[in-house]
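Participant: The chain contents come next:
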Amino acid sequence: MASSERFSVLVEVRLREGIADPQGATIERALPALGLTGVSGVRAGKAFWFDVAAADEAQARAQATVVADRLLANPVIEESSVTITAAGAGA
Amino acid sequence: MAARIGVVIFPGTNCEHDAILAVERLGASADLVWHGDTSVAGYDALILPGGFAHGDYLRPGAIARFSPVMDAVGRFAADGGPVVGICNGFQVLCEAGLLPGALQKNRGLRFVCATVVIRVETGDCVLTAGVPVGTELRIPINHFEGNYTCDADTLAELRAEDRVVVRYVDNPNGSVDDIAGVCNQARNVVGLMPHPERASDPLLGSVDGTVLLSALLASAASPVGATPA
Chain A
1 MASSERFSVL
11 VEVRLREGIA
21 DPQGATIERA
31 LPALGLTGVS
41 GVRAGKAFWF
51 DVAAADEAQA
61 RAQATVVADR
71 LLANPVIEES
81 SVTITAAGAG
91 A
Chain B
1 MAARIGVVIF
11 PGTNCEHDAI
21 LAVERLGASA
31 DLVWHGDTSV
41 AGYDALILPG
51 GFAHGDYLRP
61 GAIARFSPVM
71 DAVGRFAADG
81 GPVVGICNGF
91 QVLCEAGLLP
101 GALQKNRGLR
111 FVCATVVIRV
121 ETGDCVLTAG
131 VPVGTELRIP
141 INHFEGNYTC
151 DADTLAELRA
161 EDRVVVRYVD
171 NPNGSVDDIA
181 GVCNQARNVV
191 GLMPHPERAS
201 DPLLGSVDGT
211 VLLSALLASA
221 ASPVGATPA
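The listed protein sequences derive, respectively, from chains A and B.
Be aware that the first sequence starts at 1, since it is given in our numbering, and climbs by one per residue.
Be aware that the second sequence starts at 1, since it is given in our numbering, and climbs by one per residue.
Quick caveat, the hints were computed from the structure, so don't treat them as lab data.
Small disclaimer: the values here were computed from a predicted structure and weren't measured.
Treat the hints with caution; some may be incorrect.
Stated by the list, open to error - Just some of the chain B residues that point at chain A, by a computed CB distance under 8 angstroms:
no., residue
1, R4
2, S29
3, R59
4, E95
5, G101
6, A102
7, K105
8, G108
9, L109
10, C113
11, P132
12, T135
From the three backbone atoms N, C-alpha and C, an ideal C-beta is built for every residue, glycine too.
From just these sequences and the hints, can you work out the full model?
Facilitator: Right, here's the structure in full:
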């Protein structure tokens, strides 16, 4: 049986460009209260961390991409990116 | 014979008894259908009521679409059976891909709980069959994520195909094109944010919801997609 390794994954989900982001806008409007006036373009998103057991990094990324595309992000309004943050720990 | 309505519940659904009472008072019979069930056989129509399926975790409806019952709901819909999603049920149907678009957080991040006026925009779907276009109904809304969103192509398609079922007269949540409810291409799957079951008795302040629920029950007796016998 092929040995599998454990990969740590970060999936970031954000609203697609052009989709209104009331959360980001509200956060941005609160910033002047901190005395900050140079911060702009705030967009709110979500981050997910999990581990994947896979034979290699490519396979781990493929599995994580399924999780991201089918569950974590709604493609109608959101896009996602997958980052392998740690590779090769024994499973 | 009285229409038999299946009211699909997930962990966290909370409007199921309101929906059952409302359709029973219009002469239908209704049962709860648990989200773990794999069959919806024997029902003439399905309602996915409001609430917070699976805690609304991740996104409203995102987890519910993977509940076992959703395969059965999908098959029921594909066979032309009337399916109506109310509020959270609308969100579930969008996540499941049975309806286009998505429900985003309301404009201004405002949770809205109010009785609003909606206008019937088509009489050609299971929820509005026989209801004159332009009919205005006073029906409560109660949601944080009711801001209907879709891309420009989808919106153009919805308009061209007369699939916007109801619009808000005074947009309360930022929904694109004032959309309060839409239907699928076959016109047998409808989702809307307003709660017709909460406008089904004078004591509730409005009985206008019965206009829609009565149309649904009539559709259940003879589905839009069904070939005339």
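Participant: Next, verify each hint and record whether it holds.
Facilitator: Outcome of the hint check:
The interface hint given for R4/B is broken, as the beta carbon of that residue sits about 33 angstroms from the closest beta carbon of chain A, more than 8 angstroms. Violation of the interface hint for S29/B is found here, the shortest Cβ-Cβ separation to chain A being roughly 35 angstroms, above the 8 angstroms cut-off. Taken as an interface hint, R59/B checks out: its beta carbon lies about 6 angstroms from the nearest beta carbon of chain A, inside 8 angstroms. For E95/B, the suggested interface contact is upheld, since its CB lies about 7 angstroms from the closest CB of chain A, less than 8 angstroms.
Because the beta carbon of G101/B sits about 6 angstroms from the nearest beta carbon in chain A, less than 8 angstroms, this interface hint is met. Hint status for A102/B relative to chain A: holds, with the closest Cβ pair at about 4 angstroms, below 8 angstroms. At a threshold of 8 angstroms, the smallest CB-CB gap from K105/B to chain A is about 5 angstroms, leaving the interface hint in force. Because the beta carbon of G108/B sits about 6 angstroms from the nearest beta carbon in chain A, less than 8 angstroms, this interface hint is met.
Hint status for L109/B relative to chain A: holds, with the closest Cβ pair at about 5 angstroms, below 8 angstroms. For C113/B, the interface hint is violated, since its Cβ never comes within 8 angstroms of a Cβ in chain A; the closest pair sits about 17 angstroms apart. Interface restraint check: P132/B against chain A, minimum CB-CB distance 32 angstroms, threshold 8 angstroms, status violated. Given hint, T135/B at the interface with chain A, is violated; its Cβ is 29 angstroms from that chain's nearest Cβ, farther than 8 angstroms.
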